[in-house]
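Keeping the supplied structure of chain A fixed, place chain B upon it in accordance with the hints.
One letter stands for each residue in the lines below.
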Amino acid sequence: MTPKKLISTLFLSSTLLTPIAHADIKIGVVSSSTGPIALVGIPQKNTVPLLPTSVGGETITYIPLDDGSDPTATVKAFKKLIDEEKVDAIIGPSGSGNAMGVIQFAAESGTPMLAPVGTAAVVLPMTEQKKWVFKTTQNDDLIADALVGHMKATGVKTIGLIGTADPYGENWAKVMKDLTKNAGIEIVANEKFQRQDTSVTGQSLKVLLANPDAVLIAAPGSSSVMPQTTLKDQGYGGEIYQTHGAALDPFLRLGGKAVEGTILAASSMLVLDEVPSSDSKEIATKYITDYKALYGETPATFGGNVLDAGLLLENAIPTALKSGKPGSAEFRSALRDALENTKEMPATQGVYNMTPEDHSGFDERGRVLITVKDGKWALVK
Amino acid sequence: MNIQIATLLGQDGLTNGAIYALLALSILLVFTVTRILLIPLGEFVTFGALTMAAMQMGKAPNIEWLLLGLVLIDCALDLYQYLKHRAEPKKLKVIALKLSYVVIMIGLLNQLPLSEIPMALQVVLTLCLIVPIGPIMYRLFFQPLAEAPALVLLIVSIALHVAMVGIGLLLFGPEGARTEPFSDSNFRLGSVMLKSQTLWVILVSIFLIVTLFIAFERTLYGKALRATAVNRMGARLQGISPVFAGKATFALAAFIGSASGILIAPITTLYYDSGFIISLKGFVGAIIGGLVSYPIAAIGAVAVGMIEAFSMFWASNYKEIIVFTLIIPFLIWRSMNSHSVEDEE
Numbered sequence: 001m002t003p004k005k006l007i008s009t010l011f012l013s014s015t016l017l018t019p020i021a022h023a024d025i026k027i028g029v030v031s032s033s034t035g036p037i038a039l040v041g042i043p044q045k046n047t048v049p050l051l052p053t054s055v056g057g058e059t060i061t062y063i064p065l066d067d068g069s070d071p072t073a074t075v076k077a078f079k080k081l082i083d084e085e086k087v088d089a090i091i092g093p094s095g096s097g098n099a100m101g102v103i104q105f106a107a108e109s110g111t112p113m114l115a116p117v118g119t120a121a122v123v124l125p126m127t128e129q130k131k132w133v134f135k136t137t138q139n140d141d142l143i144a145d146a147l148v149g150h151m152k153a154t155g156v157k158t159i160g161l162i163g164t165a166d167p168y169g170e171n172w173a174k175v176m177k178d179l180t181k182n183a184g185i186e187i188v189a190n191e192k193f194q195r196q197d198t199s200v201t202g203q204s205l206k207v208l209l210a211n212p213d214a215v216l217i218a219a220p221g222s223s224s225v226m227p228q229t230t231l232k233d234q235g236y237g238g239e240i241y242q243t244h245g246a247a248l249d250p251f252l253r254l255g256g257k258a259v260e261g262t263i264l265a266a267s268s269m270l271v272l273d274e275v276p277s278s279d280s281k282e283i284a285t286k287y288i289t290d291y292k293a294l295y296g297e298t299p300a301t302f303g304g305n306v307l308d309a310g311l312l313l314e315n316a317i318p319t320a321l322k323s324g325k326p327g328s329a330e331f332r333s334a335l336r337d338a339l340e341n342t343k344e345m346p347a348t349q350g351v352y353n354m355t356p357e358d359h360s361g362f363d364e365r366g367r368v369l370i371t372v373k374d375g376k377w378a379l380v381k
Numbered sequence: 001m002n003i004q005i006a007t008l009l010g011q012d013g014l015t016n017g018a019i020y021a022l023l024a025l026s027i028l029l030v031f032t033v034t035r036i037l038l039i040p041l042g043e044f045v046t047f048g049a050l051t052m053a054a055m056q057m058g059k060a061p062n063i064e065w066l067l068l069g070l071v072l073i074d075c076a077l078d079l080y081q082y083l084k085h086r087a088e089p090k091k092l093k094v095i096a097l098k099l100s101y102v103v104i105m106i107g108l109l110n111q112l113p114l115s116e117i118p119m120a121l122q123v124v125l126t127l128c129l130i131v132p133i134g135p136i137m138y139r140l141f142f143q144p145l146a147e148a149p150a151l152v153l154l155i156v157s158i159a160l161h162v163a164m165v166g167i168g169l170l171l172f173g174p175e176g177a178r179t180e181p182f183s184d185s186n187f188r189l190g191s192v193m194l195k196s197q198t199l200w201v202i203l204v205s206i207f208l209i210v211t212l213f214i215a216f217e218r219t220l221y222g223k224a225l226r227a228t229a230v231n232r233m234g235a236r237l238q239g240i241s242p243v244f245a246g247k248a249t250f251a252l253a254a255f256i257g258s259a260s261g262i263l264i265a266p267i268t269t270l271y272y273d274s275g276f277i278i279s280l281k282g283f284v285g286a287i288i289g290g291l292v293s294y295p296i297a298a299i300g301a302v303a304v305g306m307i308e309a310f311s312m313f314w315a316s317n318y319k320e321i322i323v324f325t326l327i328i329p330f331l332i333w334r335s336m337n338s339h340s341v342e343d344e345e
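Sequences listed follow chains A and B, in order.
Using the UniProt record's numbering, the first residue of the first sequence is number 1, and each one after it goes up by one.
Using the UniProt record's numbering, the first residue of the second sequence is number 1, and each one after it goes up by one.
Check the hints yourself; a few may be wrong.
[Said to hold, decoys possible] Listed next, the in silico DSS-like pairs over lysine-lysine satisfying Cα-Cα at most 27 Å (straight line):
#: 1; chain 1: A; residue 1: Lys-206; chain 2: A; residue 2: Lys-174
#: 2; chain 1: A; residue 1: Lys-373; chain 2: A; residue 2: Lys-292
#: 3; chain 1: A; residue 1: Lys-292; chain 2: B; residue 2: Lys-59
#: 4; chain 1: A; residue 1: Lys-79; chain 2: A; residue 2: Lys-373
#: 5; chain 1: A; residue 1: Lys-76; chain 2: A; residue 2: Lys-86
#: 6; chain 1: B; residue 1: Lys-59; chain 2: A; residue 2: Lys-376
#: 7; chain 1: A; residue 1: Lys-76; chain 2: A; residue 2: Lys-26
#: 8; chain 1: A; residue 1: Lys-79; chain 2: A; residue 2: Lys-26
#: 9; chain 1: A; residue 1: Lys-232; chain 2: A; residue 2: Lys-381
#: 10; chain 1: A; residue 1: Lys-232; chain 2: B; residue 2: Lys-195
#: 11; chain 1: A; residue 1: Lys-257; chain 2: A; residue 2: Lys-130
#: 12; chain 1: B; residue 1: Lys-195; chain 2: A; residue 2: Lys-206
#: 13; chain 1: A; residue 1: Lys-152; chain 2: A; residue 2: Lys-80
#: 14; chain 1: A; residue 1: Lys-257; chain 2: B; residue 2: Lys-59
#: 15; chain 1: A; residue 1: Lys-76; chain 2: A; residue 2: Lys-152
#: 16; chain 1: A; residue 1: Lys-152; chain 2: A; residue 2: Lys-130
#: 17; chain 1: B; residue 1: Lys-223; chain 2: A; residue 2: Lys-257
#: 18; chain 1: A; residue 1: Lys-152; chain 2: A; residue 2: Lys-206
Simulated from the structure, these hints should not be mistaken for lab results.
One chain only, chain A, in its complex shape:
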């Protein structure tokens, strides 16, 4: 036998000899650790090693894939996980648009999908397909409700909106329109900008001309900073509100003095030291400590969303194991049912209470009002 043949024979036999029968639970994780939404995807990918590795005597194996922020690649990753790896559930993807495109594949194959994405559209309105989807982030209207509550309490009558021209900004504009109507607040300006724009002077001037009592900036990540610094430069004196999209440490670093006194609502992960102790606080503190030990930096909230997905699964798997073996359709279906019956489960973002209608499951324990004080996050008291 020639050496070449020998090698190929060895190779072939080794693939045949790999253990076929393993009843491990397999979970796919799809994140966007490269491409435009890497800001969200990287902490999510980094969280995978911190997810629970065994439950009810079964080992959980995670299969992480990167979709490069590309919706087509997300579909490919989902198909690979479902058809080849035969996973029992999928955590991901990172982007709202990416998630919308794969719901049908998760539903067709009957695989529960836990999406750590921003848009509520993945679970609302509930349909036959979306019943396979669970969302581990607060819905925009829950956050918006807290902000509008603060506006009402401080006597704000008119607001201006500056949002990104993407699903994030669009959805916020929609949510605010509904909520402010009920609260008797008028939106006097509604401007859009692109994440990569080098200037927002025009939008900011337009808002200034309308002279609103307060301005809400709805933009994800660091792009939320520029509208605020521009407004301050042009001498705007009113209150500035931000969404949970700004709840990242770079916001403080990039904004400096201009973001002092901003009001935003987000999960309590940013101000853990100040919130009263609860199960959520304990879990989040442990997560942050572990993450810091592994990567030397505090995780962005997006990472917490993935950890919560892991915790939801950990909570649901023992129930599902009673109905079938991992890898079978019965197990996946039972897992979905168990996830839907999650009750009073604390995790990093708040307390989950799933119902057939609500697959996000947060209440007001999932958000706190936060402000910026002396360059640090602080709880609004």
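Below, chain B alone, put in the same frame as chain A:
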């Protein structure tokens, strides 16, 4: 709309326009001399800005490793050629020089207290890090196919852009960055505040454009580049090395790109992937100049900045559409007026 708003928007448009003009000029320069449409120009802008930001945070910018890697490959190629031909003994000296340059740069970056040194020094260090990447890139990716059709060069250029965006994410991370302004002072002109950074951008741009103009009109090297742009074959017959011309234009483009990045980094948040859209607007300016005329390209680029600023005020939703639709009437007008400038030899 009153005078005050118009001046604020005008100021904004002029600032961005000045940057677009610089980029339009380097796109034009590279295209006329080498027939390459330099798509990765925008990456030099972001690399410049993000390197500067990393230094101000007191971190040695990771781009030093990219430079090291590229120089090592470059030197390996030099060495291979030297061993193959044994023709030029001074090649060894060049290799030694290149390697010691990188070693000194890395040493400096890791020893100096980067966040405390004067800003001028940070700027110089940033430029010293990024400008060499330009000519090395030409040498590695374009020199072997210098005679290929323009389409092939364009495809390589796009590939390089995609690769550099990926490398940018790896080197600088996904976060946006912003740098300190050159000075904090503001000027009052009538009822309008003028930011000093705006003046910096406009003055430096004008200075660079004038310097380039003088260099091309008065110096031998500048004339050599111009000769190559006018007629490659003719220039070659006169003893002007096309390799030299290619490397020189890429160095200039890398310099202008990273300088633009350093200039606008204090007024805007830049991400690892912001470069493309910025250089694309410079490209619109270059197209208005028909990819041949420098003054028209510069004026066109400033016009792009102005239109961008005012459309941002009137119709923020459609800003990009308005800016990029601009290109269509000019393309039609150009294609009706011009007799083919295509020179596929």
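Evaluated hints:
Taking the CA atoms of Lys-206/A and Lys-174/A, the gap is near 20 Å; set against the 27 Å cutoff, the hint holds. Distance hint between Lys-373/A and Lys-292/A is fulfilled; the C-alpha atoms sit about 24 Å from each other, no more than 27 Å. Between Lys-292/A and Lys-59/B the CA atoms are separated by roughly 19 Å; this keeps the pair inside 27 Å, and the hint holds. Of the pairs offered as hints, the one joining Lys-79/A and Lys-373/A is violated, with about 47 Å between alpha carbons and a cut-off of 27 Å exceeded.
Annotation: proposed proximity of Lys-76/A to Lys-86/A holds, straight-line Cα distance about 14 Å (limit 27 Å). Between the alpha carbons of Lys-59/B and Lys-376/A the distance comes to roughly 22 Å, so the proposed pair stays at or under 27 Å and holds. Note on Lys-76/A and Lys-26/A: the hinted pairing holds, with a Cα-Cα distance of about 18 Å set against a maximum of 27 Å. Taking the CA atoms of Lys-79/A and Lys-26/A, the gap is near 15 Å; set against the 27 Å cutoff, the hint holds.
A C-alpha spacing of about 24 Å is found between Lys-232/A and Lys-381/A, which places the hinted pair at or below 27 Å, so the restraint holds. Of the pairs offered as hints, the one joining Lys-232/A and Lys-195/B holds, with about 13 Å between alpha carbons and a cut-off of 27 Å not exceeded. A distance of roughly 43 Å separates the Cα atoms of Lys-257/A and Lys-130/A; the hinted pair therefore is violated under the 27 Å criterion. Distance restraint check for Lys-195/B and Lys-206/A: the Cα-Cα separation of roughly 20 Å lies within the 27 Å cut-off, and the hinted pair is therefore satisfied.
The straight-line distance between the Cα atoms of Lys-152/A and Lys-80/A is roughly 49 Å, outside the 27 Å bound, and the hint therefore fails. Between the alpha carbons of Lys-257/A and Lys-59/B the distance comes to roughly 22 Å, so the proposed pair stays at or under 27 Å and holds. Restraint check for Lys-76/A and Lys-152/A: not satisfied, since their Cα atoms lie roughly 46 Å apart, outside the 27 Å limit. Distance hint between Lys-152/A and Lys-130/A is unfulfilled; the C-alpha atoms sit about 34 Å from each other, more than 27 Å.
A hinted pair counts as satisfied when its Cα atoms are at most 27 Å apart, and Lys-223/B with Lys-257/A does not qualify at roughly 50 Å. The straight-line distance between the Cα atoms of Lys-152/A and Lys-206/A is roughly 24 Å, inside the 27 Å bound, and the hint therefore holds.
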